[in-house]
Each structure stands twice: as C-alpha cells, then as structure tokens.
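Produce the entire structure from the sequences given, and follow the hints as far as they go.
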Amino acid sequence: VDSHHTASALECSGHHEVSVTLKKICDWSSMSSGEFHDRMTKSNFMDGTGRVAGYGSSSSDPNALPTQVDVTTAIPETIRDLKDDPWRSFGALVRKVKDDNCPPGNNKCLRGYYRGCQDDGSMTPFYEFRWAYFMNDAFQKGCLSKETSYWDNLSECKKFEIAYKALMDKNVGSTIQDQHLKDWKKAATLLVPLCRGKKAQQYVLPEALGSPMGGQKLPGCRKGKEHITEEDPKCAAPKCPAWSTSTSVSPTSSSY
-15 VDSHHTASAL ECSGHHEVSV TLKKICDWSS MSSGEFHDRM TKSNFMDGTG RVAGYGSSSS
45 DPNALPTQVD VTTAIPETIR DLKDDPWRSF GALVRKVKDD NCPPGNNKCL RGYYRGCQDD
105 GSMTPFYEFR WAYFMNDAFQ KGCLSKETSY WDNLSECKKF EIAYKALMDK NVGSTIQDQH
165 LKDWKKAATL LVPLCRGKKA QQYVLPEALG SPMGGQKLPG CRKGKEHITE EDPKCAAPKC
225 PAWSTSTSVS PTSSSY
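Numbering of the sequence shown is given in my numbering, commencing with residue -15 and proceeding in unit increments.
Be aware that a few hints might be false.
As the list claims (entries may be wrong) - Pairs of lysine to aspartate or glutamate, DMTMM-like flavour, derived with a Cα cap of 25 Å:
#, residue 1, residue 2
1, 223, 103
2, 183, 214
3, 166, 69
4, 166, 83
5, 169, 140
Stated by the list, open to error - Here are the simulated distance ranges between beta carbons:
#, residue 1, residue 2, range
6, 207, 125, 13 to 23 Å
7, 11, 138, 46 to 56 Å
8, 198, 56, 33 to 43 Å
9, 46, 89, 13 to 23 Å
10, 128, -1, 39 to 49 Å
11, 198, -1, 32 to 42 Å
12, 163, 26, 30 to 40 Å
13, 104, 163, 30 to 40 Å
14, 15, 83, 43 to 53 Å
If you're looking for bench data, these hints aren't it; they were derived computationally from the structure. Yeah, the Cβ is synthetic: ideal placement off N, Cα and C, and Gly gets one too.
If you want it as structure tokens, here you go:
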C-alpha cells in the first residue's frame, strides 16, 4: 500500500537503488491486465477518474474536471510518467494549514477540513480527491458573481485565482524538483475560506464520478471559524475484499 507517494519521492530524488517495504493487501498477480484494473477500481484501491487529453494535444488541461476514464490505458507504465494534479495537491495541503489564531499545541485548528476515518476505523476511499474535485469545480465557476461562484466572499475568491494563476505560470514546464512547496502552501491557505464556506457544506459530488464518490457530500466539513480540536487520526489500511476467487491472500509484509 503506497498510493505511489514513496515511489514518486524516490523517483524524483534519484534514489533508484533502494529497498522499499510494502504491505501486501491482495495477490492478484495471476489476473489479466483488464481483470486486475477492474478489481482494483471495484475494490476502491484505484480512482477511476482522470483528465483526458484535449483535441490535438497529448496533454490534459490540469483545470479540467476529472471524468471516468479507461484506467487500462490512462495510467502510464512508469512512475516517472505520472502527471501532477495541482488540485489533488491542494486537497492535501489545505488540511495542513497553520493559523496563529489557534491555541498552543493545535496550530492547525482552522485548517480546511477534518480528515477522519470510517466507523470501522478504516480510511475513507479517495478522501482528498473529493475535496480536490470541489476546489477544481469552484475554480471553474470563477469569481464573477455570487450567483455562480462557490465562494462566500468574491474578493477572497479573486485572491486565490490570482495566486493560483501566478503559481501555474511560474511552474509551467518545470520539474517537481524545481518547485517550491512554500508557494503551494501559501496558495492553499487562501482556499480555507472556500472549504469552510456555505457551498462546501451543501456540495454533492456528481453521480457521474461513480462509486464511491458520486452522489456523496464532502466529508469532514467545518463551518467558518469553527475550531478542529483534534488531529486527523491515522486510519487503518484497507483489507483485501472477499471475492469468490482464490486469488486473495491474507495481508503480509514484503520487501521489494
């Protein structure tokens, strides 16, 4: 279970001769590519949405809203070829925002949202992807009028829009090693009012996204200046679902 973060970090840093310990959830190595990807998406181990390339272009618009894609062809063959999703980055960064108005020992009390676990202690599938979609959708709606904008305050909307466009202009064509995390954190701070606004409390993800996100409200919402008094918990890793097949195995730890 890696969600590609460890592998991506090693790829970017150039540490290619490193042993990585992985937790084996299921052994589906005997399946065909189509069967494997189908099982992965149905088990909520892989998000089945993405951004398709525009007409006449080999690259996708990072601000286009994700849609259902054919994962057998949409996922690149190597970690190196994975594309950065700025909205997914914001989905993570906004819950790590610090605020000087928070009490000692809890400087993230006014972060964008609370990332909790499901009732059984396991992680909610694609938690941050849900918030990323909402932020992406809000950006698409713009800052022109209160009737169409998702922001409570249009001036705050405009501040983020300006900061985001400057951030993208600065980083177009640059590698992830050349980007500065502090710039992304500053932009994420500007998203907190959106995440804590009225629209976020009411927002329902489109049914077209499919299970498990489609038709669901945003998890972990907090209103206005409501303090989040606890840290985000560490949720249990997913378990191999019970399928009527002999390919599933009990979780073990393996080193590769």
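Taking the hints in turn, this is what the structure says about them:
1. Between residue 223 and residue 103, the direct Cα distance comes to roughly 15 Å. Compliance with the 25 Å bound is thereby established for this hinted pair.
2. Between residue 183 and residue 214, the direct Cα distance comes to roughly 24 Å. Compliance with the 25 Å bound is thereby established for this hinted pair.
3. Taking the CA atoms of residue 166 and residue 69, the gap is near 17 Å; set against the 25 Å cutoff, the hint holds.
4. Distance hint between residue 166 and residue 83 is fulfilled; the C-alpha atoms sit about 15 Å from each other, no more than 25 Å.
5. Distance check on the hinted pair: residue 169 and residue 140 sit about 16 Å apart at the alpha-carbon level, within 25 Å; holds.
6. For the pair residue 207 and residue 125, the supplied restraint of 13 to 23 Å holds, since their beta-carbon distance comes to about 20 Å.
7. A hinted range of 46 to 56 Å for the beta carbons of residue 11 and residue 138 is consistent with their spacing of about 53 Å.
8. Taking 33 to 43 Å as the suggested C-beta distance range, the pair residue 198 and residue 56 does not conform, at roughly 21 Å.
9. About 37 Å separates the C-beta atoms of residue 46 and residue 89, a value inconsistent with the hinted range of 13 to 23 Å.
10. The hinted window of 39 to 49 Å between residue 128 and residue -1 holds, with their beta carbons roughly 47 Å apart.
11. Under the hint 32 to 42 Å, the C-beta atoms of residue 198 and residue -1, about 38 Å apart, fit the expected range.
12. Residue 163 and residue 26 have their C-beta atoms about 35 Å apart, which keeps the hinted 30 to 40 Å range intact.
13. Between residue 104 and residue 163 the Cβ separation comes to about 37 Å, which falls inside the hinted range of 30 to 40 Å.
14. At roughly 47 Å, the beta carbons of residue 15 and residue 83 sit within the given window of 43 to 53 Å.
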